[in-house]
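Following the hints, complete the assembly by docking chain B onto the known chain A.
Protein chains in written order, with this note's numbering: chain A, 334 to 878; chain B, 334 to 878.
These aren't lab readings, by the way, just hints derived from the structure by calculation.
Remember, predicted model here, so these are calculated numbers, not experimental data.
Any given hint might turn out to be false.
For chains that are exact copies, the list does not tell them apart, and a pair is met inside one copy or across any two.
Unchecked claim - Lysine-lysine pairs mimicking DSS-like chemistry, simulated, CA-CA at most 25 angstroms apart:
#1 426 <-> 862
#2 862 <-> 849
#3 388 <-> 353
#4 388 <-> 524
#5 388 <-> 862
#6 507 <-> 540
#7 394 <-> 862
#8 538 <-> 507
#9 524 <-> 426
#10 849 <-> 388
#11 524 <-> 538
Number of protein chains: 2
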Amino acid sequence: MQIGIAQINSVIGDFPSNVKRILAAYRECLDAGADLVVTPELSLVGYPPRDLVFKSQFVSKCLQALDYLAGEIREVPLLVGYVDHHHPSHPGKPFRNAVAWLEQGNIQHRIWKTLLPTYDVFDERRYFEPGDSSVPISWNGHRIGVTICEDIWTEDYLQRPFYDRDPVEELTAKGIDLLLNLSASPFHLGKPLLRRAMIGGIGRKAKVPVIYCNSVGANDQLVFDGHSLVTGSNGRITTQLPGFVESCSVIDPFRVVENDAPLGSCDAEQLYHALVLGVRDYVTKCGFSSVCLGLSGGIDSALTATIAAAALGPANVCGLTMPSPYSSRGSVDDSFALAENLGIRCDEVPIRNAFEAIKATLQPVFEGKPEDVTEENMQARLRGLILMALSNKENHLLLTTGNKSELAVGYCTIYGDMCGGLAVISDLPKVRVYEISRWINREREIIPWNTINKPPSAELRPDQKDQDTLPPYEILDGILELYVENQLAADEIISRGFDESTVRWVQRRVDLNEWKRHQAAPGLRVTSKAFGIGRRMPIVQRFVG
Amino acid sequence: MQIGIAQINSVIGDFPSNVKRILAAYRECLDAGADLVVTPELSLVGYPPRDLVFKSQFVSKCLQALDYLAGEIREVPLLVGYVDHHHPSHPGKPFRNAVAWLEQGNIQHRIWKTLLPTYDVFDERRYFEPGDSSVPISWNGHRIGVTICEDIWTEDYLQRPFYDRDPVEELTAKGIDLLLNLSASPFHLGKPLLRRAMIGGIGRKAKVPVIYCNSVGANDQLVFDGHSLVTGSNGRITTQLPGFVESCSVIDPFRVVENDAPLGSCDAEQLYHALVLGVRDYVTKCGFSSVCLGLSGGIDSALTATIAAAALGPANVCGLTMPSPYSSRGSVDDSFALAENLGIRCDEVPIRNAFEAIKATLQPVFEGKPEDVTEENMQARLRGLILMALSNKENHLLLTTGNKSELAVGYCTIYGDMCGGLAVISDLPKVRVYEISRWINREREIIPWNTINKPPSAELRPDQKDQDTLPPYEILDGILELYVENQLAADEIISRGFDESTVRWVQRRVDLNEWKRHQAAPGLRVTSKAFGIGRRMPIVQRFVG
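Here chain A stands alone, though its shape is the one from the complex:
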């Protein structure tokens, strides 16, 4: 038996184009000899459709597309993910997260997702009613278990035992010789390795091959990394599809190997490819073809520009350097050097005159009050205004360049450097920004070494350095990982050896800046806990701990 794995990139709600994409992948697999073809979870819909499913005609249009697709399928079955109605008068949620087994022009089987993740970035119980039985499908002398994403996430790989059901055990108890899983499993650092371990364990325990077909592509904050897998009945990984690109592969699930196929990429490489894919899909799926961004001469904007150039081509990236009286000439030179290395356009727009005019405008109201952070923010906001003007005038999507460390403690200006439609690196702690930048320069200088090696500065007042305000980034990022990703209390972080006053300062700053993050651009999620849809904090609250 040969199984086609169609690791495809669907666009949310675009049923006509998703049908085309699925059929193209199906035919590619047929040509390569597939006897059955699998696509990712909700492949017909795009994941996650969120509240679009509540639109009165969303699910009926999905079902029309499914019928059309079924009509195109003959003897080689196609498994496709879609949204179905739940019975209108039965208790529960209105929809099913479903898989259709298409064969001979018909929907032969419908499978409902059983375990519905409702944590982190997932909200499936908002929409879906779980399936209540898992039944093997008999086909061609085989008994096949079909599962959807979370259905195979065993409690060892979850934060706690969330479910009182285990679809894999149910299927195994009923007898299967092959397990299929259709997934839309978003990337974060460490996730590809985690999945390899989990799926290998399932194969070993159930003693059957497992075919794991994951989605690829980015939808808003989520990047789906592909990395589809096949494990043999001994749990060894026989095939891994590439990460971060669409790919079709036809494999024999019953092949057994002694050593796992390699993952073959380091952290920096995975992060880089995740962000490149995230930018490309956000920009192009929105209908834009080019982006603009401010180049400060610092490392964050340099890395963002590098990622954008890789995602869209250098001709589609416009940099703008906007020196103020507090900017060093070196910053402007570094920006031009970067632009030259990348082959992107870079214009220079000095902000001194406009800044002075705004200060003069406010002088009657501010009379007698000393300059303070207000004027620093005014510079950042003037730059944001100029970048948005460029975006409006030339129809670029503006990228914002802040990193996670800054966003965490609010070391950024709302409506200033936070302006932009997409926050490319807002889930990268600053130390990762450096790590990836060095990885990008591994063969030749792309990001100017001067940008990487100089002390970071916002250049909003004379001789300002980030470390005048912030703890060293190694320490800040260490505290933030414990406080934001692991959700530890300050006392617990201090007990791990961090300085008490630093920890309490960081805690207070993170809590106080929830309001800024509420208005932040969507950011590409690459860690286990990004600011964004997976972390939902009240703004107005007074808990300290």
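This is chain B only, laid out in the frame that chain A set:
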């Protein structure tokens, strides 16, 4: 028997102050002769705590506060809402949405919420595991059913039959003579009437008195309106506590009346009080004491200023009028007239010079390109920059003044007039803005009649009027209600008699502007479907329907 209803306003995560508030209300009820005192859902915690519950010490600190509270209670029981742990190794979510029955220094009973809303603004299955049995509590010769909020929401009052349990039926079947409900039920227009009908129906069906204790106060986007209720065993409303204020009342639940106590407020009045409470709580719970806002001479900023002055006192509201060359003198005069009527400060900061300086700065980059919407947005963003500078310099929270109709179709400038920490009227359709403004002027002119009567204009180019771009507001708001609140497809809206090209234009504009709303300030929810936490649309999507 006399029951004390403590309709209180808790602060999320502030256990010490919530304990104080609960004890003060408890003692007030004792003094008035209460035999038992009820507080709202999660009264010890504030609703909704959202992801704060995942912080490693949140629930343990909540339990410590509960123990302290229990120690203060003697023979008169107190019912208090809190978050409990679920058993760490039992399958399911980690927490319970719980009520503790405190008596004689101890926690005598713990009740778990059974029906966990996971729709609209609610995410309870993200956090909580449902209770699996509803058991009456015997006390003082009575059998009392204790329920938590959603537990009494019968399927006739929900969008569909969500649940396969009915706690009220379970309790009634086991025999009760009194039903208590602890709620945190957020306001939207029509909700107070809906609750009266539903609770009356429960009393009639179960033939027992119902005590409904609702939370009051605002937390982020949600405004809790109080309006706690008591119905007799004939389903008639014997008592209704006031809306939008804290209140304690001690009542005899077995009293029966023949006519319902009146609700006693019209739509405009309810909306006004909801927004006043929303502003007051957002601003003061955040630790601010004053606000600033831009006054354009238009009705949106005038209504926002009026609400702010009522919420915080006129001395704590700063208006700024920022005329451009396109502003009429009338707009400035109307702003000053409003400020005088309200007794608030108003400064005038003309933006012409700064605007010209910014245009000159961009001239080398924009050379040869005609003026367009870019320059309109630049004016709005310059005003946003100036308002944020005032906010920073004088430590005001900036209020943003856009209405729901504008926000829906993107007739607003991101980082411009959308700047601000709270969007006061962003859930008010424009026709409601007029309705409430006229209601405010019912006895004397507060909002200048000229502001109400002139054609609305953004004044961003010569002689601009809103209706150059938008359909008449009566039509726009009619379409938006069907498209956004009722989630109908364009075809369905057209079939109700709206012009096809107008409907498709509105649909496209609503869909295209999801990205702007993603970065919008939190807005106070007052309709059945606000932009905000209750409506979760993907930004990148291509569904049309």
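Verification of the supplied hints:
1. For the homomeric pair residue 426 and residue 862, the shortest alpha-carbon distance between copies (18 angstroms) is at most 25 angstroms, but the shortest distance inside one copy (28 angstroms) is not.
2. With identical chains, the CA atoms of residue 862 and residue 849 are at most 25 angstroms apart both within one copy (17 angstroms) and between copies (24 angstroms).
3. Proximity of residue 388 to residue 353 under the C-alpha cut-off of 25 angstroms is restricted to the intra-copy arrangement: shortest distance 23 angstroms within a copy versus 45 angstroms between copies.
4. Proximity of residue 388 to residue 524 under the C-alpha cut-off of 25 angstroms is restricted to the inter-copy arrangement: shortest distance 23 angstroms between copies versus 33 angstroms within a copy.
5. Proximity of residue 388 and residue 862 under a CA criterion of 25 angstroms is satisfied inter-copy only: 13 angstroms between copies versus 30 angstroms inside one chain copy.
6. For a Cα distance limit of 25 angstroms, the shortest separation of residue 507 from residue 540 inside one copy, 14 angstroms, qualifies, whereas the shortest one across copies, 49 angstroms, does not.
7. Only between protomers do residue 394 and residue 862 lie at most 25 angstroms apart by alpha-carbon distance; the minimum there is 23 angstroms, versus 34 angstroms within a single protomer.
8. For a Cα distance limit of 25 angstroms, the shortest separation of residue 538 from residue 507 inside one copy, 15 angstroms, qualifies, whereas the shortest one across copies, 46 angstroms, does not.
9. In the homo-oligomer, the alpha carbons of residue 524 and residue 426 lie at most 25 angstroms apart only across protomers (22 angstroms), although the nearest pairing inside one protomer, at 30 angstroms, exceeds that limit.
10. For a Cα distance limit of 25 angstroms, the shortest separation of residue 849 from residue 388 across copies, 20 angstroms, qualifies, whereas the shortest one inside one copy, 30 angstroms, does not.
11. In the homo-oligomer, the alpha carbons of residue 524 and residue 538 lie at most 25 angstroms apart inside one protomer (21 angstroms), although the nearest pairing across protomers, at 53 angstroms, exceeds that limit.
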